[in-house]
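Taking the hints into account, I'd like the entire structure generated from these sequences.
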Amino acid sequence: MESTNRPREVRLSTTPSKDDLSNLKLGDIVYLDGLMYTAREGVYIRALEEKANIPMNLPSQSATNFHCSPAARINPDGTFEMGAVTATASFRFAKWLPEWLEKSGAKLVIGKGGMRSKDYKEYFVPNGAIYLSTVGYGTGALLGRGIESVDAVHWNEELGLAQAMWVIKCNKMGPFIVASDSEGNCLFERENKRISANLEKVYEGTVPATLKRFGETDDKSDELIG
Amino acid sequence: MISIDLIQHTAEILMDKAAIEIPEDYLDGLKAAAEVEDGDLSSFVLQAMLENYEVAKEDRRAMCGDTGTPRWYVKMGNDTKIEGGPIALEAALRRATANATNGVPLRPNRVHPLWRTDHDNNVGIGAPEIEYGYEPGGEWIDLITVHKGGLFGTDYRMLFPSDGIQGIKRFYLDSLVAFGKRGLACQPAIIGIGLGGCKDTCMVLGKRAACLRTVGDRNTDPKIAELELELKELGNSIGMGAMGFVGKSMVIDTHIEVGYCHTGGMQMSVHAFCLSSRRAVARVHADGRVEYRTDPNWFTDYQRRETVEWKVPTDHERSA
Numbered sequence: 001m002e003s004t005n006r007p008r009e010v011r012l013s014t015t016p017s018k019d020d021l022s023n024l025k026l027g028d029i030v031y032l033d034g035l036m037y038t039a040r041e042g043v044y045i046r047a048l049e050e051k052a053n054i055p056m057n058l059p060s061q062s063a064t065n066f067h068c069s070p071a072a073r074i075n076p077d078g079t080f081e082m083g084a085v086t087a088t089a090s091f092r093f094a095k096w097l098p099e100w101l102e103k104s105g106a107k108l109v110i111g112k113g114g115m116r117s118k119d120y121k122e123y124f125v126p127n128g129a130i131y132l133s134t135v136g137y138g139t140g141a142l143l144g145r146g147i148e149s150v151d152a153v154h155w156n157e158e159l160g161l162a163q164a165m166w167v168i169k170c171n172k173m174g175p176f177i178v179a180s181d182s183e184g185n186c187l188f189e190r191e192n193k194r195i196s197a198n199l200e201k202v203y204e205g206t207v208p209a210t211l212k213r214f215g216e217t218d219d220k221s222d223e224l225i226g
Numbered sequence: 227m228i229s230i231d232l233i234q235h236t237a238e239i240l241m242d243k244a245a246i247e248i249p250e251d252y253l254d255g256l257k258a259a260a261e262v263e264d265g266d267l268s269s270f271v272l273q274a275m276l277e278n279y280e281v282a283k284e285d286r287r288a289m290c291g292d293t294g295t296p297r298w299y300v301k302m303g304n305d306t307k308i309e310g311g312p313i314a315l316e317a318a319l320r321r322a323t324a325n326a327t328n329g330v331p332l333r334p335n336r337v338h339p340l341w342r343t344d345h346d347n348n349v350g351i352g353a354p355e356i357e358y359g360y361e362p363g364g365e366w367i368d369l370i371t372v373h374k375g376g377l378f379g380t381d382y383r384m385l386f387p388s389d390g391i392q393g394i395k396r397f398y399l400d401s402l403v404a405f406g407k408r409g410l411a412c413q414p415a416i417i418g419i420g421l422g423g424c425k426d427t428c429m430v431l432g433k434r435a436a437c438l439r440t441v442g443d444r445n446t447d448p449k450i451a452e453l454e455l456e457l458k459e460l461g462n463s464i465g466m467g468a469m470g471f472v473g474k475s476m477v478i479d480t481h482i483e484v485g486y487c488h489t490g491g492m493q494m495s496v497h498a499f500c501l502s503s504r505r506a507v508a509r510v511h512a513d514g515r516v517e518y519r520t521d522p523n524w525f526t527d528y529q530r531r532e533t534v535e536w537k538v539p540t541d542h543e544r545s546a
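Protein chains in written order, with the working numbering: chain A, 1 to 226; chain B, 227 to 546.
Rather than coming from a laboratory, the hints here were simulated on the basis of the structure.
Cβ atoms here follow ideal geometry from the backbone N, Cα and C, with glycine treated the same way.
Mixed in with the good hints there might be a few duds.
[To be verified] Here are some of the chain A residues that sit facing chain B, going by a computed Cβ distance under 7 Å:
hint, residue
1, Ala71
2, Ala84
3, Arg92
4, Ala94
5, Pro98
6, Leu101
7, Gly136
8, Ala162
[To be verified] Derived pair list, reagent style BS3-like, types lysine-lysine, alpha-carbon separation capped at 25 Å:
hint, chain 1, residue 1, chain 2, residue 2
9, B, Lys474, A, Lys193
10, A, Lys193, B, Lys458
11, B, Lys474, B, Lys458
12, B, Lys474, A, Lys172
What follows is the structure, encoded as structure tokens:
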């Protein structure tokens, strides 16, 4: 077991410089300042497959894509109420992310659970992007406190509130955990590798089910997400 | 007769409480886990979660941005009459769900599975689910709302008597390890296990075991209670903690519920009630009193009855 040191804390802009990003290490805790936007499958399909014009200037306005649907409402007077925000699992968006990173210039992708190191090496590193994971999950109320204001919501009529593109102004929003680095290493794979070493012992004596299923793996070290 | 307005008003308060206030039993369980956790990243995560619950209550904001899929468990005493009848009751719960989604606010999670239509209020076909239970005596209604989160942590498998306890352990570990990687199950969680029934009832039993029993509660069958503790310990020995980081806190408690099944089978389901284990309960009485609590107290002896007839132990009977 490692020492119980508190991880290093870093404050970062949502349009970070190359140097800012190359200093990040797996497991660092990050707090963000600046504009970020939410985008998940609804936005990706609309922007990439249906070729709709992205209603923001990216990446100049924001280089931070949050895989998130907020607990929020649009008031009758057009103002916004945003309570808690938490990430959704990112691996499901792998089919759109290579094109999205290239098109949007996003340098920070925030979500839940991370991607495979293969994904990081193939299209995060070439685009100079880093993956941040939310903490918990989820510290929705803590992250909610980091929202200074909601600047806009785009495509809410086309996609609904949950899938819409929310533009959020952050003030020391966090905590987030650095889950990929500039070489494409993956925090979760590092942890999984350590845990897998113990699994044979934990499983000792148990028996596999009598009736098998198609398409399964019994390799306990498998990442299962790709 | 129980007032329908009072039911709707109470239901709206419950929606708010469930989303914002972590139940005390789970909070105590998580604090205990945080004390023994020694993985550095896992410890950091648990401390952040404890802070998050405080912030949620202080700010009156939902503890998690994914506010789950609101549902209702309704239980009534045998003498209960509701103003407007069961149709009015269901309308009141649907209204309360929609109003609270906009009011708290909650995330409007519920969409059509194919057309992805979102009414932005968590109400739609079959949503929110409303399930019923009854108890032998009294004129009262228990409104229980559970906003179980997550797409991960739940699985079902048809096992057979020959799979035995070691087969149960295997599927339990498989579910925890598979969904625990990268923290997809949002652990440490209350794990509910359904054993037996038919496929659908097995799922229902497991979900209720996770969502309708409190941390520390044990099954009234002493051997099942023993298995619950054994499985809790097994889950925490995996070496995995919060977010799938190296650690020892995977399970806050394990609950097992059983139902009689086909003689050839041993159905098993596993459910993880996440770090935001949202549940809130109120009993509404005919005289207008409302008592709020967080323990659903769903699994009474009556709910677990085994025999054809159920006899209410009355004074008359005792003296006879």
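Against the structure, the hints:
Against a cut-off of 7 Å between C-beta atoms, the interface hint on A/Ala71 holds, since the closest Cβ of chain B lies about 4 Å away. Look at A/Ala84: its Cβ gets to within about 4 Å of chain B, closer than 7 Å, so that hint holds up. Taking 7 Å as the C-beta cut-off, the interface hint given for A/Arg92 is violated, the closest approach to chain B being about 9 Å. Proximity of A/Ala94 to chain B is violated relative to the hint, the smallest CB-CB distance being about 13 Å (cut-off 7 Å).
Interface restraint check for A/Pro98: the shortest CB-CB distance to chain B comes to about 20 Å, outside 7 Å, so the restraint is violated. Given the 7 Å rule on beta carbons, the hint for A/Leu101 is violated: about 20 Å separates it from the nearest Cβ of chain B. At its closest, the beta carbon of A/Gly136 sits 5 Å from a beta carbon of chain B; the interface hint therefore holds under the 7 Å criterion. Here the hint on A/Ala162 is kept, as its CB sits about 6 Å from the closest CB of chain B, short of 7 Å.
Between B/Lys474 and A/Lys193, the direct Cα distance comes to roughly 16 Å. Compliance with the 25 Å bound is thereby established for this hinted pair. Between A/Lys193 and B/Lys458 the alpha-carbon distance is near 23 Å, which keeps this suggested pair within the 25 Å criterion. For the given pair, B/Lys474 sits about 11 Å from B/Lys458 by alpha-carbon distance, which is consistent with the 25 Å threshold. Annotation: proposed proximity of B/Lys474 to A/Lys172 is violated, straight-line Cα distance about 30 Å (limit 25 Å).
Violated hints, in rising order: 3, 4, 5, 6, 12; the structure is consistent with all others.
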